[in-house]
Amino acid sequence: MTWLTAPFAFPFMVEAMLITAIVSIPAALLSCFLVLRGWALMGDGISHAVLPGIVLAYLAGIPLLIGAFVAGMICALSAGWLDANSRVKPDTTLGVVMSGMFGLGIVIYTQFPTDVHLDHILFGNILGIGRDDFISAGSISAVVSSVLILKWRDFALLVFDPVQARVAGLAIGWLHYGMLAMISAVVVAMLSAVGIILSVALLIAPGAIAFLLTRRLQAMLVLSVVIAVASSLAGIWISFWLDSAPAPTIVVVMTALFALVFFWRQLTHRRTAAT
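Counted from 1, the sequence shown has number 245 at position 195 by this note's numbering; the numbering is strictly sequential.
Read the hints as simulated data drawn from the structure, not as lab findings.
Careful: at least some of the hints might be erroneous.
[What the hints assert, rightly or not] List of simulated lysine to any residue pairs, SDA-like, C-alpha gap at most 25 Å:
no., residue 1, residue 2
1, K201, G219
2, K139, D211
3, K201, I179
4, K201, V279
5, K139, K201
6, K201, I222
[Said to hold, decoys possible] Derived CB-CB ranges, DEER-like:
no., residue 1, residue 2, range
7, Q161, T318, 51 to 57 Å
8, A269, I185, 29 to 35 Å
9, G111, G223, 30 to 36 Å
10, T318, V217, 36 to 42 Å
11, T322, L54, 35 to 41 Å
12, W53, L310, 21 to 27 Å
13, V217, L262, 29 to 35 Å
Beta carbons: idealized from backbone N, C-alpha and C, even for Gly.
Please model the complete structure; the sequences and the hints are all you need to start from.
Below is the structure:
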């Protein structure tokens with residue numbers, strides 16, 4: 051059993067698994083609502099749009115997380131405003147805003163060299179996290195997870211039937227922009243630990259996999275959290291033995307799990323149709 055427990059002998063591996071589990075929970079809960087509402091690209095867009103905020107925050111001497119959150123909110127609100135005030139479809143407006151802000155971030159990054167390594171922004175630095183990362187990620191995770199758990203019925207009604215949600219007296223605007231704010235906050239929480247690439251996967255894959263396994267939202271929320279945490283821990287454990295980067299390995303694990311569940315569902319449907 052040494053091969054199974056060997057990674058736990060190193061404190062940095064234990065810390066990596068812990069921080070990944072912490073950020074996986076709110077990301078997995080959000081992924082369910084994003085998948086059901088057709089907002090899967092919103093997490094992708096916000097994740098990429100935080101780059102100029104990070105660089106500008108570094109140049110201004112303020113915490114990088116503040117710059118990342120502000121940039122993420124600018125992206126989300128800009129895409130929402132364009133969607134409401136133009137004939138262009140939401141995915142198109144988000145693509146324009148996201149690519150523009152990401153390109154701006156790259157230009158600023160190359161013109162004003164910083165100590166922030168681009169690889170750490172893209173792929174994270176799971177094996178080199180510090181106490182501040184645990185505090186910020188843990189705080190954001192606790193707040194976002196609590197809001198989603200307490201208000202999941204309101205967000206569910208917003209996702210499935212916005213008109214009924216308005217008739218029921220729910221504050222549609224607050225719920226809409228609140229979800230955008232939570233996406234930005236979770237991306238910020240994941241940034242220093244898992245980076246942009248893995249944050250995108252955590253905001254999409256767990257909900258998509260859970261959606262294939264169940265049609266009940268409550269079960270979907272629970273399954274997505276289990277999938278996100280288990281995939282993250284498995285990916286870090288595998289990366290230890292492959293001597294690979296943890297974040298991309300976790301992405302590969304979740305992608306493989308999605309493919310496995312997808313083909314299993316396809317096979318199940320064919321067998322059911324044949325009978």
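Here's how the hints hold up against the structure:
1. K201 <-> G219: OK: K201 and G219 at ~14 Å, within 25 Å.
2. K139 <-> D211: Cα-Cα ~19 Å, so holds.
3. K201 <-> I179: Not satisfied, since the Cα-Cα distance of roughly 31 Å exceeds 25 Å.
4. K201 <-> V279: 22 Å, holds
5. K139 <-> K201: Status violated; Cα separation ~28 Å.
6. K201 <-> I222: Given that 25 Å is the threshold and the Cα spacing comes to 13 Å, the pair holds.
7. Q161 <-> T318: 51 to 57 Å: Given range 51 to 57 Å: holds, Cβ gap about 54 Å.
8. A269 <-> I185: 29 to 35 Å: 32 Å, holds
9. G111 <-> G223: 30 to 36 Å: Check passed, 35 Å falls within 30 to 36 Å.
10. T318 <-> V217: 36 to 42 Å: Because 38 Å falls inside the window, the suggested range holds.
11. T322 <-> L54: 35 to 41 Å: 37 Å, holds
12. W53 <-> L310: 21 to 27 Å: Between W53 and L310, where Cβ atoms are some 23 Å apart, the hint holds.
13. V217 <-> L262: 29 to 35 Å: Taking Cβ atoms as reference, V217 and L262 lie about 31 Å apart, which means the hint holds.
The structure fails hints 3, 5 (numbered hints given earlier, in ascending order).
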